[in-house]
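Enquirer: The lines below spell out each chain.
Number of protein chains: 2
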Amino acid sequence: MIQVAFQGEKGAYSEEAALQYFGENIAFKPCYSFQEVFEYVTDRKVEYGIVPVENSYTGSIVDTFDLLLNYNVNIVGEKILRIKHNLIANKGVSLPDISEVYAHPQAIAQCDVFLKKIGKKITPFYDTAGSVKYIKEKKLRNAAAIASRYAAEIYDMNILAESIESFSSNYTRFYIISLKESVKGLKNKTTIVFSIKNIPGSLYNCLKPLAEAGLNLSKIESRPDRKKPWEYIFYLDFEGVKDDPIVKQALIKLEAETSFLKILGSYPADTLII
Amino acid sequence: MIQVAFQGEKGAYSEEAALQYFGENIAFKPCYSFQEVFEYVTDRKVEYGIVPVENSYTGSIVDTFDLLLNYNVNIVGEKILRIKHNLIANKGVSLPDISEVYAHPQAIAQCDVFLKKIGKKITPFYDTAGSVKYIKEKKLRNAAAIASRYAAEIYDMNILAESIESFSSNYTRFYIISLKESVKGLKNKTTIVFSIKNIPGSLYNCLKPLAEAGLNLSKIESRPDRKKPWEYIFYLDFEGVKDDPIVKQALIKLEAETSFLKILGSYPADTLII
Numbered sequence: 001m002i003q004v005a006f007q008g009e010k011g012a013y014s015e016e017a018a019l020q021y022f023g024e025n026i027a028f029k030p031c032y033s034f035q036e037v038f039e040y041v042t043d044r045k046v047e048y049g050i051v052p053v054e055n056s057y058t059g060s061i062v063d064t065f066d067l068l069l070n071y072n073v074n075i076v077g078e079k080i081l082r083i084k085h086n087l088i089a090n091k092g093v094s095l096p097d098i099s100e101v102y103a104h105p106q107a108i109a110q111c112d113v114f115l116k117k118i119g120k121k122i123t124p125f126y127d128t129a130g131s132v133k134y135i136k137e138k139k140l141r142n143a144a145a146i147a148s149r150y151a152a153e154i155y156d157m158n159i160l161a162e163s164i165e166s167f168s169s170n171y172t173r174f175y176i177i178s179l180k181e182s183v184k185g186l187k188n189k190t191t192i193v194f195s196i197k198n199i200p201g202s203l204y205n206c207l208k209p210l211a212e213a214g215l216n217l218s219k220i221e222s223r224p225d226r227k228k229p230w231e232y233i234f235y236l237d238f239e240g241v242k243d244d245p246i247v248k249q250a251l252i253k254l255e256a257e258t259s260f261l262k263i264l265g266s267y268p269a270d271t272l273i274i
Numbered sequence: 001m002i003q004v005a006f007q008g009e010k011g012a013y014s015e016e017a018a019l020q021y022f023g024e025n026i027a028f029k030p031c032y033s034f035q036e037v038f039e040y041v042t043d044r045k046v047e048y049g050i051v052p053v054e055n056s057y058t059g060s061i062v063d064t065f066d067l068l069l070n071y072n073v074n075i076v077g078e079k080i081l082r083i084k085h086n087l088i089a090n091k092g093v094s095l096p097d098i099s100e101v102y103a104h105p106q107a108i109a110q111c112d113v114f115l116k117k118i119g120k121k122i123t124p125f126y127d128t129a130g131s132v133k134y135i136k137e138k139k140l141r142n143a144a145a146i147a148s149r150y151a152a153e154i155y156d157m158n159i160l161a162e163s164i165e166s167f168s169s170n171y172t173r174f175y176i177i178s179l180k181e182s183v184k185g186l187k188n189k190t191t192i193v194f195s196i197k198n199i200p201g202s203l204y205n206c207l208k209p210l211a212e213a214g215l216n217l218s219k220i221e222s223r224p225d226r227k228k229p230w231e232y233i234f235y236l237d238f239e240g241v242k243d244d245p246i247v248k249q250a251l252i253k254l255e256a257e258t259s260f261l262k263i264l265g266s267y268p269a270d271t272l273i274i
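Which chain is which? The protein sequence lines are A and B, in order. Heads up: the first sequence is residues 1 to 274, going by the numbering used here. Heads up: the second sequence is residues 1 to 274, going by the numbering used here.
Heads up, a few of these hints could be off.
Given that identical chains are not distinguished, each listed pair holds provided it fits within a single copy or across any two copies.
[Said to hold, decoys possible] Cut-off 25 angstroms, straight-line C-alpha distance, at most; resulting in silico cross-link-like pairs (DSS-like, lysine-lysine):
id, residue 1, residue 2
1, K248, K121
2, K121, K136
3, K84, K116
4, K253, K45
5, K120, K228
6, K242, K91
7, K187, K29
8, K136, K10
9, K197, K187
10, K139, K227
11, K219, K208
12, K219, K184
13, K29, K84
14, K187, K121
15, K45, K84
16, K133, K29
17, K208, K117
18, K84, K227
19, K248, K197
20, K116, K29
In short, the hints are calculated from the structure, not lab data.
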């Protein structure tokens, strides 16, 4: 049994992504926060953790990036999951009965058009599947929750409206983290994080070795350096493996331009074609 | 009287920033959302709007960036405000009485260390000053709110703990938006937004004309293109004015590398030294 930690209650999108990534033979450890996922991995209580990293509609999950900087884990894989949100309620409850929708802030953002249209009170909730569990346990007949079909099935609840996300091309990308190294695939990605002394021409200088080595950038994310106002830390994903001599050489040149560089991992790219 | 729209209730940090930026002679229009601020400006109901753009601890306010892309307004100024959060309650209420803290998600993130320490239930609220107004109106004696000293004064409430932000170097940067053009200062900034066809070497190619013209980048932000999964839109701040011949030339070269470029404005840089 592979042990995998994820944030949320049973039925979470992270759990679904893990099932697709690892197959069925998994012992899950639901966690209250992303930080707890990282702690379970670094304390060797689980072999793997799975955390969302970005959504195609709302952008990066910034907490994940901060944790990747502060915990020593490897990114050993990625999984892209098609996200279909549903409005879920107790059996026998219909839309006019609803006065309040419980939902994770990410789900609220991703379903903004639908929520504006139905015009109900919105209450942020820490977890998608958890919000379904909550309205079931409290037997609320004037409330609904936003979560996956999988969550509706697990808690035996009714779907009032399906695919309520604003854009049908709604995907979330997850990182699989571990203390292990990953097995490489046919097509691989590497994720790095670095900071630069001053922003002037230095970001350009940092990208130069990667561009010259022909390494394709697939993502760039800037986050504030929490100790230095208005200074930024950059996260990059590019195609390639850190042990490849060309990549190694480019990273040595890049490091010379930075005040700090950390390689977060090389791992097989998800081959899902969107 | 200068008319200024901002998001939040009377006593919001945005209002404080506007007071510092414009001086005292202002007619304020509090708005429910950032989008409403943009609508008030484009509908000519107010001359100016003020919106937060980034915090030195938590990073960019992503909604603002999405709105800057979708509304035709100019950025005509910036204001950097030192943010001091306070735990605020009704008079006669002390910390042990409190079981719940109402706060804006940004304030929750910025006070994470303090909130973890006191270990009370946290309830997200749409507005900082609004959360103070709420616990006052409801006469809650088991709840506190997180907001500025200014909000505590306006609503005549008690401060239970002051400067509860995790880092003392907590600053928020605001943009002042308008349909007008700005008056230039001694030191100016320009903000642009662009998208590129494919990420490969193209970000590097976009930064090249700016680096070659010696224009200092002071911020870069990537946001997903909501219509194209995993494609990114980039926001850049750099030092200089769009009408300067050197800047003009660099922007023409940059535009040739992009699939779309929009100049959001040139405006005097805030001279606050942090």
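Enquirer: Of the numbered hints stated previously, which ones are contradicted by the structure, given in increasing order?
Expert: 1, 4, 5, 6, 7, 10, 14, 15, 17
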